[in-house]
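Build the complex: two chains, separate frames, hints provided.
Protein sequence lines, in the order shown, are assigned to chains A and B.
Okay, so the first sequence: first residue is 1 according to UniProt numbering, each after it adds one.
Okay, so the second sequence: first residue is 1 according to UniProt numbering, each after it adds one.
Since the hints were made in silico from the structure, they are not lab data.
A virtual CB, placed ideally from N, CA and C, is assigned to each residue, including glycine.
Be aware that one or more of the hints could be misleading.
Result set (DSS-like, lysine-lysine): computed pairs, CA atoms no more than 25 Å apart in a straight line [stated by the list, open to error]: (1) A/K129 - B/K1044; (2) A/K82 - B/K1082; (3) B/K533 - B/K455; (4) A/K77 - B/K716; (5) B/K664 - B/K618; (6) B/K1047 - A/K190; (7) B/K716 - B/K81; (8) B/K1082 - A/K190; (9) B/K94 - A/K77.
So the derived list for chain A, only partly shown, Cβ under 7 Å to chain B, looks like this [said to hold, decoys possible]: (10) I187; (11) P188; (12) K190.
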Amino acid sequence: MATLTRQDLNFGQVVADILCEFLEVAIHLILYVREIYPSGIFQKRKKYNVPVQMSCHPELNQYIQDTLHCVKPLIQKNEAEKVVMVIMDKEHHPVERFVFEISQPPLLSISSETLLSHVEQLLRAMILKISVCDAVLDNNPPGCTFTLLVHTREAATRNMEKVQVIKDFPWIVADEQEVHMEEAKLIPLKTMTSDILKVSHSQLFCTESQKLNEIL
Amino acid sequence: FHPLPWRQRVAGGYMAAKISKLEEQFQKDAPREKQKDGTSSCIFSGVAIYVNGYTDPSADELRRLMMLHGGQFHLYYTRSKTTHIIATNLPNRKIQDLKGEKVVRPEWITDSIKAGRQLSYVQYQLYTKQKGLNYSSVCARGKQDPSSIHEPSKPSLNHLQSDSIKPQPSHTQTLSTEVLKSTHEPSCSSSGSKANSHQRSLISTASPAKQPGLHSMQKDLHPKPTSNPGTSAAPQKGNLHDQTRVRLNGSYHMTPNSSTLADSSNPPGRSPAGAEAGIISEFFSRSRLHHISTWRNEFSEYVNALQSRSRAAGGAVFSGQEKLKKLRANCSLMAAPQVRQSCILHVDMDCFFVSVGIRHRPDLKGKPVAVTSNRGPGRVAQRPGANPQLEFQYYQRKQQHNGVDLDLAALSMAEIASCSYEARQAGVRNGMFFGRAKQLCPDLQSVPYDFQAYKEVALSMYETLASYTHNIEALSCDEALVDATNLLVELGVTSDDLARAIREDIKEKTGCTASVGMGSNILLARMATRKAKPNGQYFLRSEEVDDFIRGQPVSSLPGVGRSMSSKLTSLGVSTCGDLQQLSISRLQREFGPRTGQTLFRFCRGLDDRPVRSEKERKSVSAEMNYNIRFTQVEEAESFLTNLSMEVQKRMEGAGLRGRRITLKVMMRKPGAPVEPAKYGGHGICDNFARSVLLAQPTDSGQLIAAEAIKLFYAMKLDVKDMRGVGLQVQQLEGSYADPSGQGPSRGRSIKDLLLAKQPAHSPRKDPPAQGRSSVIRTEFFKSITPPSSPPSTSSDPMPGTSKGGLHHPHTPNHVRTYLNVSIEVPSPSQVDQSVLEALPVDIRKQVEHTSSHLSTPPRTSSSPPPELPDVSQVDPEVFAALPRELQDELCSAYRNKGNAQAQGITVEKKKPFPQLKQPAVGKLKRRYKKRNASPAKKGPSPLKKLFPGNSPAKSSPSKTLPLPLKHPGLKVSLTDVPETLSKFNPRPVPTLAGAYEFSDIRTLLREWVTSISEPMEEDILQVVKYCTELVEDKDLEKLYLVIKYMKRLMQQSSESVWSMAFDFILDNVQVVVQQTYGSTLKIT
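Excised from the complex, chain B in its bound form (with noise of 0.2 Å):
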């Protein structure tokens, strides 16, 4: 709160003097005045005032008063000494710059005299924004009599809290009547909001004092001593839940969870800031909710377990299969079987919570059931300083359920997490409180956790659907997607025999029932469960699809929320039939283009994801909005950094390091009640985040500490309003930590691994090249298994030829084989001997010397000849780290090798010379960066894929690349900074396909438009996200650039269809540069 800030800032030194020559001046007058006065005392020693604005006594009135009762008055505001801002009124946004100054009306001065004590400031705050104000921002203000002591006097507690941190003698008498004036529970509960160690330690001390008192007192005004969950030990049961966002079900459901953290003595879970360690992920080893959302990716690492076990052994015995196999034999009269066609099958359990929970209770079987924490009647007794009402009118708008009424606030805020199909009839939904549900449904029952059961039956849910085909795709724990595509030819079988058997099967082995969809992709196999549900199958024929889809509403489409279908409600269209209405161009104004294409497809039936055994992993997260409640900008920081330590926890169990951190947070709305009607819980919140790209990728919790912090400040937040913290990571890639490709597959396809190592032992292994090409069409930019063509050889430099090199007889997987393995698992014994005998002398040693730090001796391979991929094994950083004239050097080493020895070589030797574009270059280039889903931009990025398998060079400290400052735009720094100094990043710079550098993208679209004859809708969507990202980044120089080139390249093109996709291109550009600057680039 600086009134006058630019004063101390300009004028410095002779403010300071000014201030030092005023306050000796107050001494000095002091003993006269006390003398002039005679009625003095100390009571306001170490309180410094700054009188702001006009106040009543006035300002020179009160100087007087501090004179004569020992307190000191500040003529200039000094944030470090002035304790206290006096003021009867403060304009707006003077209160906005508000960062915890207590700022007081002067009655608390007069008060305190005529009381003959220093009075709690607290009950004087002027305004409610600041510290010590946990509770009671509502009562705070406006509140004039001190002595009054059925005013709620909240605030002592807060009080105490802030002072125990800069402790004020004076503070401390008081304090004790303080507290025992106090009648009102919630200061007893914000005792318990403590979260400093040792703010702890104070209270504990303090407790046993105050607690008679207060007990005594509370039965007087509330018989029932019911809650008052700061200090007493014993909460209310079922009051206390673990909340935490879990996916269950395919939905997100705030679940209750009926915590065990309340139990232990000093329950950490209770100090709702969280500080302390440790407390993160306790709360995250006891939500046991949490851990069914983990089960996803268990078992998604079992069905990669299964798959790379049967490979190992040669093919997998499938006694699933085998069973059908035989009831095929025995009804010959089985049709035969149909043309291949793709199937899909998504197995999704019955309401798997209450079917598992009851599996066991045949007495429940078709009776109302429902699994959540509750157990009784539904009622709970309703705690102080919740407004329960509001937040049920606030969500009551907010999901347009229809009439909540009666005294909602005594009803159970424990949700279901699933309940049966009879009670579904009744209108219980999953997610729905329980006690609402309850009025609904009386006779409904409920069905206790119970944690292992669920996980013992969704393991032998996948056992059974593992016993049949590998190609499982692990979408949560009930439900799975199978591709029974290959399986179905194989058998011969129909798909309905086979879902039949596969239900049967799940019936039989786990007591539950699965309902299985059936259809030619993953969308409608999914939308055909719906109908197949409960306990029945479907198969939604091709013939179909067209009507079906029509009449469906357009939630059930995948990735339609809550948002978006009230969006698409708003643009008239409620059915899939209507959406089929809306142009993809409409459609992709409304909601990007990425989002806009989907639902475009999703709406006709036409989804072509496919079944992957394991999706990379886009995010690693963790959150907490439970308990959250802070008192001090320190207790989040600490939070923060505890949050941090856990996400690096998940990183490291995952191999992973991100680059952007996100910050989420959840804030109480303004006007929300202060203490929501769950206990803990976050209450109605606003959400807000930030994220910062990190120039490296980490899974430093310090770093992600650091970086969270950072954002925390400049967001700005009032901590004490703080009611949900989340961290995410995101733009992943492997970590360099995985010293070999012999490690487990740690968030990255088996598969790819598996592919990689294979053709390592037999390069020549491999499927047709011809098969590639097809890949290299449909994800020619973010394929995540590159397709590759060997590069042409120095001699052929020709764009077009290397178009031949799609075919070219090489094996592809051998090049991948290496790149895979080098740019996130590289292992020396990946190296080439004959590239490495090719190298320099003194390179070579190097890399012999960083491969023997790695303790795995290089593989003396038997020589295979010597293709160009293997260049890629050295590392592009050596090369980068080299000095000029040893690059050159080494360029012109190669070109004396001459080309049979090593083809290409010169080429890639060539890369850092921007005179040479060979295409073969840029298509290798292009492969790496597809791999490294997020390279670091920083660097030479040109280099930086040349020689990527040597990864030794990557451990050694520190390279750097002198290249000359040629172009002024670019970043110059290329040093390959140590994490930790890597804070300091920029804005994320857009990349396509990795590539950031103009040249790079100028390589890469001619490569795009002269390898392929029709561009794909994926790819084109690629570049118009780039295009936008160029816009946001206020990159329009390079954006013009950009369009240009490809306007030359795509129109130059013989085929029609580029100049269509450059039109497409550069009117989504136009639209956004459009939006953005009102108005459109001038092409020519």
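Bound conformation, chain A alone (with noise of 0.2 Å):
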């Protein structure tokens, strides 16, 4: 019985672009959204045919191409379970996360319904989500800054050790402070599910830490 699998089709890198590719928007956007860093370093550019806004920094973006660049591989291989995105304060306490959820179908299948564009209207459905989240968000303290996580499957980071795709840019374990915030809240953003393209399902929402409320 022929099975058509990741391999086969090549499909898990299709994926792996097409997600990456949008976490990459994804972050620039939250960090102009949320005021990470000034205005001033941002353009607008367009991407899935809305306005998004870019950092012209280039060694953060460096730093945002490089992580993606190590997700990629593990997003083809369906080992990230979730890219996390942590804002914290000076303190380097976490204020908020934005967790994209990535989870993949078990059998990926091409059906002739497959669209990308289809594709395209549920990623631009976040990209607007996101830009709007400061509506149901409290204002990030000054002087924030940020880092990115992944959480994956099972032993994928022994393979990740291994295998470095960038060099010297490892991965540490992320300090349980960075993930763990207390008393937090969740806020749902955006779910997508692509069933037809059976691309991923993909989710975004953002915690919130109550001491933040608290003070607000």
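Structure representation (structure tokens):
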């Protein structure tokens, strides 16, 4: 029985490409929307047919690109569970987390209805949701930084150690305090399910620290 | 096994070129080497090796050797070409990646050269998970010396087996010598374990040649050639058992059944993989215990048949009732009938199998008797390869039996299906192995199975019960529930009298005793039976319930099995009294909302399950865990295919189709003996299960097989360790194939059908609507016979007024009728002519066309008033299939027809347009969904039940609804996919009462909150369940919306209960979210 697998179709790669591209856009946009960096470093671009903001800071861009470059093989192998963008205050306490949950259907398959444009529509909806997410979130304290975390499935980390995709860009296990937020509240932002394409099912939500809510 | 998989993929063309160049080079070098060395041969022709890691001799040396001896040496591994991997050590990771590759130690090559011929690689295999190592996982490892005759060379035949598929000429030569060398029987048994037909043919030719040698050899080594089940045609009797999970006396036993499978000359049951066609159905047709387990369904049907007959005859004659009446007339002293109080009787035969078995053998009465297949002294010879001690220890640990000792190995493994009370006193239990029981109770008599008698007795018991009332729920072949509430009132007798009469009757007719437990609900009745036994009756009065139940062990509650009771024990709970101390929230946290609540109620003696004459089947399954021994993946595949066919047969038999397919696999537990103590049994196993949800319900064996095989591959199991396979289909719905409502019940309650049909003829003969509304309250989301209120008219769009619809003069039953029939067994005769007329010409034509296809001309009813439900006669899919313009046209056409003609039709018509949310619409929709436990979730669900009546459209080929991509989040594929295409399907979409789109959910929730003043627990739990599923589905966005919507709805509601309900739901959901995401939802 011939089952088309990820490898056969090289589908995983396509999925990973699409997703990483999306993540890059999303991360830039979050940085802009959440005012992590001064708005001066951002430029307006068009992606998915909607305006998005993109940073022009080379080092920042490099960091994001490198990170995603490392994430890509994981997504390709369906080993990445979540990509988390943590926003931390001056004391390095996380105040917000944007979680992109990625889950791929166990069997990828292509049907004739598979349209990239459909996926694009879904991604666009997510991007739009991100751009208005500040409406449901509280303002961040000044001087925030951000970091990117990847939650991998099973023993994927071991492989990552072995094969460093980019030299001198190793991963470290995230600090507990970066991962966990006390009394966090969860705000689901958007879920996209692309069943036809069976690309992924990603989800974005944001957890806010309760403490922050109390201050405001 | 791809050490460098990426290379091939990434560098594709280059690598291919390189590899072929290397091969050329190798070929060129070979003659030169041969010349140089002088000693050359062709013993490795056809062998291509790949050296992985450090070896001794080195890879270079091996390359040279291969050149010299006609083999191939691959510098890069190619799965298709490389036949052997040479390695002395492999990292764990690589071992796990092994999928049947032959990984061989380098000694194979050197020894083969020494021996001057190609030796079997099997003994040199590095790891045991490999092909051809069915029975020898332990022995093959670490065995260095191939020439040692006394080393078990079991794998040799497996070798033959694997080679017989990919024949390599050089191997066949070695074979004969190998076979003769083999001294250990399992090799033979493995030869018997061939399953592929072409393999078998090979064996049959091969075996005559080798058997003599084998046997003589065996005689030398093992004077008693007892256990050679593979080749000897006379296996030990009682050693071969059907092992099938059968429900006997309400509990599961692994029951033995002396099987006749082995008697046939070419025993299909023997070939363990059961790969050839027919084996499975044969297994099931021969397994008589399996039959008993199906009797329950038969008796359910029997009861149903009785009911329908009596209905048809306008009232049944209850001979038993008459008798009782007479009795009452005779004893005028009889107490006046009590206040009407519900009374359930639980009738259970006393150790059914035994008492039936000895009913004609009075000599055995009062003696310890057990029903089992074993009639000997309880001892059998031991088979090699088995390690019963280990298994016993395992079972012992698991079941915490008290001291099992002695040489258990030699004891009979035949299990006891049932034993008499005398035997029970000696400590014998049902399900115990006979050998062990014999030790406990030396004068234990065994009685053979007598299936014919069981059936006779069971039938006469049901006949007896049916002579009193038809309110019977068949539980199994020997127990039944009787709802005697009405009967008692009618007859004016006490329950004790009734029970006595029933018991006397049964005793008289069957010669066997029965016990009767009575209580105000099923739970209490069943518990009372425990006290009543043996041969007694007990009425658990409501005033004693509290004291009684407190003392009961938790394990006596239905649904509390071993695992749950051990969990409860860990919570410090052993009796129901202890359980009562736990709060409902605690229980729900521990066991989940549903089970927790059930436990909470049960331990207080509360049980609101009705006595149902037919339970809806929840699943159809076929399972086999006897004699499963695969060697090849293909065998497993074909087995799955055959099993699927069996499932198909059963589903067809029940007239059902299902959407969820679950594959259950029993795998030998790592470390467990390869050959279990019981011949062909499964031994100690780990159970694995995976399931998949289809887009469309199916009963096609092929489809099920395809899915099952896919699941099977996804599980990545080693076929050789498979010991049991089961396929289960859930989320059933009636088969569309059933042409009309006239057919037999087919999996759905006959009652429903009767109810459905009656009003069809006389729509006005209905119970008052008043009674209905209460039903709505109790089972809002999941009632089987959905209550219905005629949707309010279009001029009455307020939600508040829709409430009035509950008491609408229109006959709710009428509505139900159509809905009921329309969903599963729609018939053209149900098409309302007036509606048909109201349809635009083209649609009408289509409808008529399809109706005529069904060869039943639409019945022209004398135009009943065009009520709204009639609209439901039109298939939503037909509507959906129409082009947009036509739909619009239709709507306007209806509007023009005027309200009198088409009340509510406008409403219905507008449904595709989101802006119109008519409460009535929601209600109808819901009703539809309730009927359809799991409607196809793909597709235009809001439209789905628009016109459910007009089934014909369903047979029309393929309909597409050109629904614009308004909601990016929604699925857009609305094609009515042919079933073969529904193979690829997404994970199950969480649904609430069948609704999955947010707008539907919203309508549903609003209906719920606005139409009912007090929510039922049941419904709340449904909502919680739905929300939990959403979390599991990771659809937090929808969850968020649902919660927020409910919050708004419920907190606005004037009733404080609704706020409480919301808080309850929210708390539960937050717990789940917390567990899954580590934080709670922010609800503002």
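Hints versus structure:
1. Distance check on the hinted pair: A/K129 and B/K1044 sit about 18 Å apart at the alpha-carbon level, within 25 Å; holds.
2. Under the criterion of a C-alpha separation no larger than 25 Å, the hint pairing A/K82 with B/K1082 is consistent with the structure, at around 20 Å.
3. With a C-alpha separation of about 22 Å, the suggested pairing of B/K533 with B/K455 holds against the 25 Å cut-off.
4. Restraint check for A/K77 and B/K716: satisfied, since their Cα atoms lie roughly 16 Å apart, inside the 25 Å limit.
5. For a cut-off of 25 Å, the pair hint linking B/K664 to B/K618 stands: about 16 Å separates their Cα positions.
6. Between B/K1047 and A/K190 the CA atoms are separated by roughly 20 Å; this keeps the pair inside 25 Å, and the hint holds.
7. Taken as a hint, the B/K716 and B/K81 pair is honoured in the structure, with Cα atoms around 23 Å apart against an allowance of 25 Å.
8. Of the pairs offered as hints, the one joining B/K1082 and A/K190 holds, with about 15 Å between alpha carbons and a cut-off of 25 Å not exceeded.
9. Restraint check for B/K94 and A/K77: the C-alpha separation of about 17 Å stays at or below 25 Å, so the hint holds.
10. Taken as an interface hint, A/I187 checks out: its beta carbon lies about 5 Å from the nearest beta carbon of chain B, inside 7 Å.
11. At its closest, the beta carbon of A/P188 sits 3 Å from a beta carbon of chain B; the interface hint therefore holds under the 7 Å criterion.
12. The beta carbon of A/K190 is positioned within 7 Å of a beta carbon in chain B (closest approach about 6 Å), and the interface hint is therefore held.
Of the numbered hints given earlier, the model fails none.
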